[in-house]
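J.: The residues making up each chain are set out below.
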Amino acid sequence: MMASLWQYVLSGVVDGAIFALVAAGFVLIYQVTGLINFAQGEFAMIGAMTAAALATAGMPTLAAAGIAVLAAAVVGALCYLLAIRPARKSTGVTLIFITLGLDVALRGLALFVWGTNPLSLNAFSSGNAIALFGGALPPQAMWVLGSDVIVFAALYLFFRHTYAGTAVRAAVANPPIASTFGIPLRTFAFWSFVVAAAIGGLGGVMIAPITSATYDMGLTLGLAGFVAAVLGGLDSLPGALVGGFVLGIVEHVAGGLWSTGWEQGVGFLILVLVLVLRPQGLLGRATRRA
Amino acid sequence: MTAIPVATATLEVRSVTMRFGGVLAVDDVSFSARTGEVLGVMGPNGAGKTTLFNVISGVQRPTSGDVSLRGVRLTGRSVEDVASCGVTRTFQTPVMFWGLTVRESVEVALAAREFGGTYPPAPLRELAPCGLGSPGRRHAQAALRERADVLLAGAGIAAMADRATESLAFGEERLLELARALAVEPTVLLLDEPLSGLNPDEVDAVIASIRAARTDGVAVLLVEHAVGELLSVADRVVVLDHGRMIAEGLPAQVAADPVVIDAYIGDELE
Amino acid sequence: MYGRTGLVLLVVVAAIVWILPSYYTGLLTLIGLYALVTIGLNLFMGYAGQVSLGQAAFFGVGAYTSATFAVKANITPWLGMVLGAIVAALVAYALSFVALRLRENLLALATLALGIVINVVFNQWDFIGGTSGLKDIPGFTIGSFTFDQRAYAILAWALVAVGIWFAGNLVRSSFGRSLIAISAGELGAQALGVHSERLKRQTFVLSAVYAGAAGAIYASQASYIDPTSFSFLLSVNFVLMSVIGGLRSLWGAVIGATVVVALGQILQNVVPVVLPSARGDFQSFFLGVILIAMLILLPRGITSRLSEARRA
Ligand SMILES: Nc1ncnc2c1ncn2[C@@H]1O[C@H](COP(=O)(O)OP(=O)(O)OP(=O)(O)O)[C@@H](O)[C@H]1O
Ligand SMILES: [Mg+2]
Chain Y
5 MMASLWQYVL SGVVDGAIFA LVAAGFVLIY QVTGLINFAQ GEFAMIGAMT AAALATAGMP
65 TLAAAGIAVL AAAVVGALCY LLAIRPARKS TGVTLIFITL GLDVALRGLA LFVWGTNPLS
125 LNAFSSGNAI ALFGGALPPQ AMWVLGSDVI VFAALYLFFR HTYAGTAVRA AVANPPIAST
185 FGIPLRTFAF WSFVVAAAIG GLGGVMIAPI TSATYDMGLT LGLAGFVAAV LGGLDSLPGA
245 LVGGFVLGIV EHVAGGLWST GWEQGVGFLI LVLVLVLRPQ GLLGRATRRA
Chain B
2 MTAIPVATAT LEVRSVTMRF GGVLAVDDVS FSARTGEVLG VMGPNGAGKT TLFNVISGVQ
62 RPTSGDVSLR GVRLTGRSVE DVASCGVTRT FQTPVMFWGL TVRESVEVAL AAREFGGTYP
122 PAPLRELAPC GLGSPGRRHA QAALRERADV LLAGAGIAAM ADRATESLAF GEERLLELAR
182 ALAVEPTVLL LDEPLSGLNP DEVDAVIASI RAARTDGVAV LLVEHAVGEL LSVADRVVVL
242 DHGRMIAEGL PAQVAADPVV IDAYIGDELE
Chain V
-8 MYGRTGLVLL VVVAAIVWIL PSYYTGLLTL IGLYALVTIG LNLFMGYAGQ VSLGQAAFFG
52 VGAYTSATFA VKANITPWLG MVLGAIVAAL VAYALSFVAL RLRENLLALA TLALGIVINV
112 VFNQWDFIGG TSGLKDIPGF TIGSFTFDQR AYAILAWALV AVGIWFAGNL VRSSFGRSLI
172 AISAGELGAQ ALGVHSERLK RQTFVLSAVY AGAAGAIYAS QASYIDPTSF SFLLSVNFVL
232 MSVIGGLRSL WGAVIGATVV VALGQILQNV VPVVLPSARG DFQSFFLGVI LIAMLILLPR
292 GITSRLSEAR RA
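If you read the protein sequences in the order shown, they are chains Y, B and V.
Counting from 5, one number per residue, gives the positions in the first sequence under my numbering.
Counting from 2, one number per residue, gives the positions in the second sequence under my numbering.
Counting from -8, one number per residue, gives the positions in the third sequence under my numbering.
Since the hints were derived computationally from the structure, they do not count as laboratory data.
Note that this is a predicted model, so its numbers are computed, not measured.
Hints may be right or wrong, so weigh each one.
[What the hints assert, rightly or not] Non-contacting residues of chain V with respect to chain B, defined by C-beta distances greater than 10 Å in every case (computed):
#1 Leu70
#2 Phe88
#3 Thr132
#4 Ile133
#5 Phe138
#6 Val185
#7 Ala253
[Claimed, not checked] Dumping the calculated SDA-like pairs for lysine to any residue here, alpha-carbon to alpha-carbon at most 20 Å:
#8 V:Lys63 - V:Leu74
#9 Y:Lys93 - V:Thr132
#10 Y:Lys93 - V:Asn96
#11 Y:Lys93 - B:Glu167
#12 Y:Lys93 - V:Ala175
#13 V:Lys63 - V:Thr132
#14 Y:Lys93 - B:Gly100
#15 Y:Lys93 - V:Ile287
#16 V:Lys63 - V:Ile287
#17 V:Lys63 - V:Pro129
#18 Y:Lys93 - V:Glu95
#19 Y:Lys93 - Y:Gly38
#20 V:Lys126 - V:Ser222
#21 V:Lys126 - V:Tyr215
#22 Y:Lys93 - Y:Trp195
#23 Y:Lys93 - V:Arg291
[What the hints assert, rightly or not] Here are some chain V residues the structure puts well away from chain Y; computed CB gaps all over 10 Å:
#24 Val(-1)
#25 Leu18
#26 Leu105
#27 Gly134
#28 Asp139
#29 Arg141
#30 Ile145
#31 Arg163
#32 Asp217
#33 Leu286
Ideal Cβ positions, reconstructed from N, Cα and C, are used throughout, including at glycine.
Construct all of the structure, not just a fragment, from the sequences and the given hints.
T.: If you want it as structure tokens, here you go:
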């Protein structure tokens, strides 16, 4: 019993690391544009499907993975340029609906391109499972956790230690004043989509060897990313990391002890509880409306 | 919520403090407002006037202290409950109901007053009398319309009753907001800079409305940077500076108070 | 005006079902049922200015309630329809305490999440069929007459007529104007004593009543339901119907439902000819693109153009 519980936790850590990547994309876009991007999960899907399709066509796994991340970034850029930018003067609800439309459209597009069959991707490194206190981590886990470390460290360094990062934070805190100082908000919004899509794509690439890739995986991944992001605090990148792991572990433990079908339900119950009890999330700042 | 008899209404603000992180926006402020008086609230920018209104109207909960209306505690109630108790307000930046016409905006306020802002079994209640344009419904709507038109005439904007609120100029927005607030027949009316951005005719209209409300027994709290107008219309004045109440008294006394003059001049020098 | 036009529409439907092939009559029913859901959704989104990305769940609750009572307890769908509306209303009422404290972004997220939780319940609750759903759901009957496609179309559009008449009265009442005031400036409305939370809750519950009743008819007409019939994608479709017709318009709901269902049919027939590899719910690509295009080009819906044209 205890042993299997530990195994659920370990599996949860792997999933959680991926959720954290998707969540980081949400937080990034939300911080810069104030927008919840409902299409975030589809960036992960694009990453996973592209990598799996290229690898199936014979490309080396790591090369396929790299191109997949780039492809996701390009899709992110197109989404911003074609759908978000033309509507930037709209109200909040309109923009929500637009990202919803992006979500649906990208999923439909994937269906055109890749069909309904799942595609598989080899693990990035062969080798045995890594034993850990009686549980086991798949070799892919090291890649997943490694990319978490790199992504979050890079984001941290960017926001804390570069001029551009400081400018973004200033712009977010006070948009009108920021534009008086010539801080280019629109450029930031563009890059937030590109980077968020790349990070999401990376998450998809990482999960593809574990679950295989399907055109409709984006919805589930995106929703998990939402929950993780809201759980940690929509305006907090460390929160995305924590939220991702908490969600991954809770889902796997609940699914393992109870039944897998409820996994998603549990995730959403957490989301709803957080929204009601602590809408700013675990690590987010409380904001007051005037 | 039963309305409090107008004749005895008094607003009591007791030791209200409002802190935002390190900022003391309102610092231990106490005063009261009587029925049928205009209480001017003065103070330089950032003195805490709007925050004080937010606390009184239930928009923000004070860090400490409380507000009551003739013994009924308002602090802790929602904005709409405070309004149902008879305290309503306007905003420093007018809030317009886009999508409605000028008259309809006032009708919303009238209906809120009439139904206490709720429509208990709303759908049923609305279904019963209306039918396919039944006489009962038409009659009720005509009555509402008539009262709205009286209020619009009072505010001097009768001519724009059928205009969309999106099309109003800033000054007209202020006048409409005032008419809307008066429609709920408040006991206490909080006006946050109602004269700013108005042309001279509009200023006269607002001042006339304030005087009329006072005659009707409303306690009017008036925040205004136009010191001349404020002193001429107010019966009493309180002065805030950096959240503290630094003076209280008759307009002439306050205007001559060196502490007050200091606060304003000090502010200009800063 | 809403009442009379609704009646005219009902009469038209009742007339054309006699010449329409039964397949198209079925579509007409579907349009009516979706229109009903969208009318409710427009009250909540267009007039009260809120967001719901979980409306398919209420449609599903209505369908499952009626179907379960009919299959398990042999209760007539007529009563099932009422029960479906009531249960959907109760669910919405309970959820409103969670969802309606939130606005915009977070409200969208919460309703989406709640919609999916409800779908998980459909999937996991074996008593109501679990993943395999409910089969052989009894149809509506009057005496010994069991409803055929024509009768369902007439029933659906009779409800549309009633629903639009009721909603029309509502939006032109003080209630409806208060909703518009809330959506434009909630704090301003509250300061006048408008109990915005209660009004939003009542509207949310009412939208669930529309969806629940429609869902109940859907269950009997289709005679088979499973959780995939009430997925997130259907909620997106409802949003699309709202947006296409115009959020703050009741006739827009009818137009939006018609356009979306018709478009789905056209895509289903045309796309495989052009692109033989297309399978599954590929229409969603077009629905997404149309949603985005509408919001950029005509954010207030088709009906806004129509009324401008009439005025000009
Ligand atoms: N929500 C808030 N969070 C943090 N600080 C606030 C908040 N609201 C007000 N403040 C601060 O409280 C102080 C008082 O502000 P307030 O708006 O009440 O001043 P005011 O007297 O109305 O000024 P003005 O004449 O410019 O309208 C200011 O320093 C302001 O920055
Ligand atoms: Mg102020």
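J.: Give a verdict on every hint.
T.: Structure-based check of all given hints:
no., hint, in the structure
1, Leu70, "holds (20 Å)"
2, Phe88, "holds (15 Å)"
3, Thr132, "holds (28 Å)"
4, Ile133, "holds (25 Å)"
5, Phe138, "holds (27 Å)"
6, Val185, "violated (5 Å)"
7, Ala253, "holds (29 Å)"
8, V:Lys63 - V:Leu74, "holds (14 Å)"
9, Y:Lys93 - V:Thr132, "violated (52 Å)"
10, Y:Lys93 - V:Asn96, "holds (16 Å)"
11, Y:Lys93 - B:Glu167, "holds (17 Å)"
12, Y:Lys93 - V:Ala175, "holds (17 Å)"
13, V:Lys63 - V:Thr132, "holds (17 Å)"
14, Y:Lys93 - B:Gly100, "holds (19 Å)"
15, Y:Lys93 - V:Ile287, "holds (10 Å)"
16, V:Lys63 - V:Ile287, "violated (48 Å)"
17, V:Lys63 - V:Pro129, "holds (11 Å)"
18, Y:Lys93 - V:Glu95, "holds (16 Å)"
19, Y:Lys93 - Y:Gly38, "holds (13 Å)"
20, V:Lys126 - V:Ser222, "holds (18 Å)"
21, V:Lys126 - V:Tyr215, "holds (5 Å)"
22, Y:Lys93 - Y:Trp195, "holds (18 Å)"
23, Y:Lys93 - V:Arg291, "holds (14 Å)"
24, Val(-1), "holds (32 Å)"
25, Leu18, "holds (21 Å)"
26, Leu105, "violated (7 Å)"
27, Gly134, "holds (42 Å)"
28, Asp139, "holds (34 Å)"
29, Arg141, "holds (33 Å)"
30, Ile145, "holds (33 Å)"
31, Arg163, "holds (23 Å)"
32, Asp217, "holds (14 Å)"
33, Leu286, "violated (5 Å)"
Violated hints, listed in ascending order, are 6, 9, 16, 26 and 33; each of the other numbered hints is respected by the structure.
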